[in-house]
Structure formats: C-alpha cells, structure tokens
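> These are the residues of each chain, in order.
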Amino acid sequence: MREGRPRSFYVLAVFFAAYVLFLYGPMIAIYILSFQGPQGGLTFPMNGVSTYWLSKLFQGTGIVDLGAAFRRSLLLGLVVMAITVVLSVAAGMAFRRKFKAQSILFYSAIASLIVPSIITSLGISLEFRIIDDLIKAHWNENFETSMGLLTSGLGAHLTWTLPFGLLIMFAIFNRFDPRLEEAARDLGATPWQTFRHVVLPIILPSVIGIGLFGFTLSWDELARSSQAIGSVNTLPLDLQGLTTTVTKPDIYALGTIISAVSFAVITLSLGAIHVLNKRQAAKGSDAGKGLV
Amino acid sequence: MDTSDELLQQASPGLARGLGLTRQKAVRLSPSFISWLQAGPMMLVFLAFFLIPLVFVVIVSFWDYNEYQLLPTFSGRGYTDTFEGCIAQLPDLCTIGKTYVKTLKLCFMVWAITLFIGFWVAYFLAFHIKSKTWQMGLSLLCTIPFWTSNVIRMIAWIPLLGRNGLVNSGLLKIGVIDQPVEWLLYSEFSVVLALVHLFTFFMVVPIFNSMVRIDKSLIEAAYDAGATGFQTLVNVIIPLAKPGIVIGSIFVITIVMGDFITIGVMGGQQIAAAGKIIETRLNALQFPAAAANAVILLAITFLIITMMSRIVDIRKEL
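One line per chain: the protein sequences are A and B, in this order. In this text, residue positions in the first sequence follow the numbering used here: the first is 30, and each later residue adds one. In this text, residue positions in the second sequence follow the numbering used here: the first is 2, and each later residue adds one.
Derived by calculation from the structure, the hints in this document are not laboratory data. The structure presented is a predicted model; accordingly, all values stated were derived computationally and were not measured. Heads up, the beta-carbon is just placed ideally off N, CA and C, and yes, glycines get one too. Warning: the hint list may mix true and false statements.
[Said to hold, decoys possible] Computed cross-link-like contacts, DSSO-like style, restricted to lysine-lysine with a CA-CA straight-line distance of at most 30 Å:
#, chain 1, residue 1, chain 2, residue 2
1, B, K243, B, K106
2, A, K307, A, K85
3, B, K131, B, K217
4, A, K277, B, K133
5, B, K174, B, K99
6, B, K131, B, K243
7, B, K174, A, K307
8, B, K133, A, K307
9, B, K131, A, K127
10, B, K133, A, K312
11, B, K103, B, K243
12, A, K312, B, K106
13, A, K307, B, K243
14, B, K243, B, K174
15, B, K131, B, K106
[Claimed, not checked] Facing chain B, from chain A, some residues (calculated, C-beta under 10 Å):
#, residue
16, Y48
17, I57
18, V108
19, A123
20, I164
21, S175
22, I201
23, F202
24, D206
[As the list claims (entries may be wrong)] Far from chain A, some chain B residues (derived; all Cβ distances over 12 Å):
#, residue
25, F47
26, D65
27, N67
28, G77
29, I97
30, H129
31, S150
32, G163
33, R164
34, D216
35, P240
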C-alpha cells in the first residue's frame, strides 16, 4: 500500500456495509420475531420472549403439517444434491475434451437457467399430464398420475441445479493443471485411477460446493415446483401459501426453521471445504521433503 | 484386493499393473463413447425436463380447451383470448398490452438499481480488497443469503414495512409523518425493493468475475498516462467489465420478466405482471391460454436477450 487508502475506499466500504445490512437486516428481524411471546404479533415490539410459536409448529398443532412437508423437502433436496453432484462432475469431465453435441448441452444448460421458471414448470406439468392421458387411454383406465415429488418434481429441480453445477465445474477445470494427470498417466495409472486418486482429491472442495448449491437451491425452490410437484407440497410452497392468510408469528417460526436447515447445511459444507483446503495445503506438496 | 495391494497401487500404479494387480479391461472404450457416457445423463435430464416440456408448451398453446379439460384439436383460442380487444380498443392498450408495459417498467427499475448496487459492490471487492482471504470472506457474505429461502427473505420485510412496522413507527416517532404510510408494503415499491434485495447477487457475481480478470497494470498505465479516476473508470474498467455487466443484466431481466412469486407476495396479489397472467390462467385450468402466454413471454424474453448480446458482440468487433 502506498500512502494509506484512497478516499473512495471509505466511501465504497460504507456502501458495501450498507448493502450487507440490507441483505441480512430483514432476515435477522424475523428470526428474532419468531421468539415472540404467545400474545405477540407480526411486528415489533416483542411481546415477551418465548419458544411458543416454534414449539407449536413441532407439536403439529400449528398451521401446517410440518413433519411431512419437512421430510418431503429433505428427501427431495438430498436426491437432487446427489444427482447434481454426480451428473455435473461427469459432464464437467466430458467438457475437457471436444465431443459432438457439446454446444447443444452447453446452450441447453444456459437456456434452462434463464428461461423463466414458470414456463419450465408449466411445460413439465403439461408433459406429465399428456403422459397420464396416454396411459389412461391405452393401458390402465384407473391410473392416477405419474406426477410426483420424485418424478416431475425432481426433474423440475434438476433443471435449476444442474446448470449451476456445470458452471462450477467449468470454473474448476479452468484453473486445473492437466500436467498432474499426465504425470499420473506416465506413472501408469489407468484413467479411472487418475480420476479417483489425482483429479477427485483436488477438485473435492469445489465438488462439495456443487452439493451445497444442489441442496440449498432445491430446499428453497418454489417457482419450478409450483406446477410440477403434483398433489403434495414442499416446505417453501406451504410457506408461500401462508403469506396471504396468516396473521400470527407462526409464519416467522416456520421461516426460522427452514433457514436453520439452510444455515446448518451451509456451515457444514463450508467447514468441510475449509478442512479439505487446509489438508491440501499441508499435504499437497512433498517438495523439499526428500524421499519418503 | 487386499490392503497391501491397494497401498502398492497408490504408491506405484505402474508397478502394480506390471504385477497384474489391476483388472485390465479387455475392451478399450473409444474417447467419444466415454464423452457420451459422461455427458449423456445430463443431456437426458435437460431433454426430458426442459427441451421436450418447452415443445409441449408450444404445441399446447395451439390446442382448444373448455372449462374442464384440454382438447387436442388445433385452435388459436389461447392467443385470441389473450389478445382479446387489443384491436378494438386502439389507440388504448388492452389488458395484456398494459400488463407487459408494466412488467417492462418494473424490469427496467430493478435492472437499473441492481446494476448500480451490483457494480459498486463488485468494484469494491475486486479493486479495494487486496487480501485474497478477505475477498473470499466478503464474497461469501454476499453469497450466503442466496442459499437461503426467497420467500423468507420476502416475508422478512413485513415487520419492517408493515402498517405498524419499524419504518412507520420510526418515522412517526421523529415526526416526519403523522399517519402510517400505506404504500410501503404490498405495493410496487415493496415489489421493487424485494426484487432488488433478492437478485442483486446475480449482478454482483458476473461483474466481479469480469473485474478480477482485468490486468491491474492496465489501470496503472491509465493513471500514468494522466487519466483521472473517473476517466479510468469510464474508458478502462467499464468496457472491460462489460461482459459481466451484460451477463448479470440478462439474469436479472429474465428473472424479473418471468417472476410471479415476488410480485405476488410483495404486491399483495394485486399487481399484474407477465408471469402472473400465466399463473392466473393455470389456476383457472386454462392450459392452452397459459401456454400461449408462456410462448409470448418466452418470445419477448428471447428478443431482449438477443438485443443485449448484440451490444457485447458489436463492441468486441469495433
């Protein structure tokens, strides 16, 4: 640094701090308000402090069947996460070589990211309705529906998480040193061994990042679920349904619980990434250590 | 394979192979086949849940319908219903025309504000934060809310902006107003505020990415050549950050064009918008009309994106 920081630094630092406050302030307000006393309302001031609204949710006497929606969202989130990680890593590897249909896949992913969610959601729901009609007409008159959490719902979520996964893989391989793989090959490693023992350990922290995106984006997904999830609701859908009717802090309590899961997953993932990076820094190079 | 073999394998795969410890496959897979194996599953997901559904949207938009069901016969009713009265009411705008004008206006406001905030946040992170650790930490701080629920981040404004919210009670206390302000919540104001709150992130990330790639010596050179800070910003940084700005703008504009949830929740379900029309039609189970509206929305969004990507390409050629 030459002679202290320029004045623009301080102006922008204040601007940045204001932005962060803008991001977090309102969220923190509802976390606090979910601890309202039993007589408390939707706004400040706090009318006593209690866990009344939170425990009401858990007893199932509250506004939604929290348990069932919670389990559904969790299941869907985990399945979406697993599929997103596997398919993104695989496709990311494929993109390191030229292959036919490369640009088709790339543009599909980008389009899937920016085509408005409601259109994708509508399309999936039409697709499944037409499949249902075909099954009813040709095979089974009593068939109910093929729409559901792990069919149309899963597909809808994947169209949202996979583009992120693929873009993260691009970022990883942009700064990946291919000489490491050449070295492994020269030492006689098979392609699978090269991947398993050289590539994967290096990219693992970012792969956890893909998992983090996969789970959190699915856990909070709303627009694509809206038409494509079938007859059951996920937690965010329940929450959205409440916004028009509820006048009690229940809704904040539900919001706090959903956020708590998000924050737990974020902390866990970032912690794992941190530990892995530390280990890589410590063990990654044996330069100067002589023969072991 | 037991542990010692595995150790040997890790220590020296070549030796292990020489000793015949790896199961060599008799058939070598061709590289293009491996590529298909790797990329195929993702392609299939996009085919089944994105591309084919889009085709269905277009097809169904030309089907007929009654109160109960889809009728798979060709009909332009989805479109004629949508544009009902558009010619008769000229020169006044019909409902759909007004809705799109309103959506575009909303879109423009959100775009301008997110671009301003996003640009300066990215600028601060890219040029003023020198330490990589701090850069990572502060970027993370901006990203974490993106991993939490959008609906919660909308609801979060209620205790602040409501009739008895913090803002109103604060303003009352200091005597700026003598009655609670009504337009803070469930209004166009709260919709724009929430959209900016939710989606500035999509502006920050690409602009930051473009900015960190700018060679710092270019900026030094500009200063050395006598450029003022403002001249450097306009003639060096902004042109080089343009790809990020365009990508961020495309994200924000497409999100706002198709949004129906934020506009619904923060507008108290009272504000019309392009995405909301589709939702309303769907709630009435008028699928062909919903699909027709989706096609129109898609066409307009595509038009905007094409125009925007032109801006960058032309600049590149000049």
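> The structure should be examined with respect to each hint, and the outcome stated for every one.
Hint check:
For the proposed pair K243(B) and K106(B), the alpha carbon gap of about 23 Å is at most 30 Å, so the pair holds. Proximity of K307(A) to K85(A) is assessed by CA-CA distance (about 42 Å); at most 30 Å being required, the pair is judged violated. A hinted pair counts as satisfied when its Cα atoms are at most 30 Å apart, and K131(B) with K217(B) qualifies at roughly 12 Å. Between K277(A) and K133(B) the alpha-carbon distance is near 45 Å, which puts this suggested pair outside the 30 Å criterion.
Restraint check for K174(B) and K99(B): not satisfied, since their Cα atoms lie roughly 40 Å apart, outside the 30 Å limit. Under the criterion of a C-alpha separation no larger than 30 Å, the hint pairing K131(B) with K243(B) is consistent with the structure, at around 22 Å. Of the supplied pair hints, the one linking K174(B) and K307(A) is violated, its CA atoms being roughly 52 Å apart against a limit of 30 Å. Note on K133(B) and K307(A): the hinted pairing holds, with a Cα-Cα distance of about 15 Å set against a maximum of 30 Å.
For the proposed pair K131(B) and K127(A), the alpha carbon gap of about 37 Å is over 30 Å, so the pair is violated. Our distance criterion of 30 Å between C-alpha atoms is met by K133(B) and K312(A), whose separation comes to about 21 Å. Only pairs whose Cα atoms come within 30 Å are accepted, and K103(B) paired with K243(B) is accepted, the gap being roughly 27 Å. Taken as a hint, the K312(A) and K106(B) pair is broken in the structure, with Cα atoms around 55 Å apart against an allowance of 30 Å.
The hinted pair formed by K307(A) and K243(B) fails the criterion: a straight-line CA distance of about 35 Å is larger than 30 Å. Only pairs whose Cα atoms come within 30 Å are accepted, and K243(B) paired with K174(B) is rejected, the gap being roughly 45 Å. About 38 Å separates the Cα atoms of K131(B) and K106(B), which puts this hinted pair outside 30 Å; it is violated. With its C-beta approaching chain B no nearer than about 5 Å, Y48(A) sits inside the 10 Å limit, and its interface hint holds.
Look at I57(A): its Cβ gets to within about 8 Å of chain B, closer than 10 Å, so that hint holds up. Annotation: interface hint on V108(A) violated; nearest CB of chain B at approximately 13 Å, more than 10 Å. Restraint check, A123(A) versus chain B: the minimum CB separation of about 4 Å is within 10 Å; hint holds. Annotation: I164(A) was flagged as interfacial toward chain B, and the flag is violated, the nearest CB pair being 15 Å apart, outside 10 Å.
Violation of the interface hint for S175(A) is found here, the shortest Cβ-Cβ separation to chain B being roughly 12 Å, above the 10 Å cut-off. Because the beta carbon of I201(A) sits about 14 Å from the nearest beta carbon in chain B, more than 10 Å, this interface hint is broken. A cut of 10 Å between beta carbons decides the hint on F202(A): the least distance to chain B is about 13 Å, and the hint is violated. With its C-beta approaching chain B no nearer than about 19 Å, D206(A) sits outside the 10 Å limit, and its interface hint is violated.
Look at F47(B): its CB is around 4 Å from the nearest CB on chain A, not clear of 12 Å, so calling it non-interface is violated. No Cβ of chain A approaches the Cβ of D65(B) within 12 Å, the least distance being about 15 Å, so the stated non-interface status holds. With 12 Å as the threshold on Cβ separation, the claim that N67(B) sits away from chain A holds: the shortest Cβ distance comes to roughly 15 Å. No beta-carbon of chain A is positioned within 12 Å of the beta-carbon of G77(B); the least distance is around 18 Å.
Listed as outside the interface, I97(B) is consistent with that label: its C-beta sits roughly 16 Å from the nearest C-beta of chain A, beyond the 12 Å cut-off. A beta-carbon of chain A comes within 12 Å of the beta-carbon of H129(B); the shortest separation is about 5 Å. Under the 12 Å C-beta cut-off, the non-interface status given to S150(B) relative to chain A is violated; the minimum distance is some 4 Å. Distance to chain A contradicts G163(B) as a non-interface residue, since its nearest Cβ pair spans about 5 Å, not more than 12 Å.
Interface exclusion of R164(B) from chain A breaks down, the closest Cβ pair being 8 Å apart, not more than 12 Å. Distance to chain A confirms D216(B) as a non-interface residue, since its nearest Cβ pair spans about 17 Å, more than 12 Å. Remark: the non-interface label on P240(B) is consistent with the geometry, its nearest Cβ contact in chain A lying 20 Å away (cut-off 12 Å).
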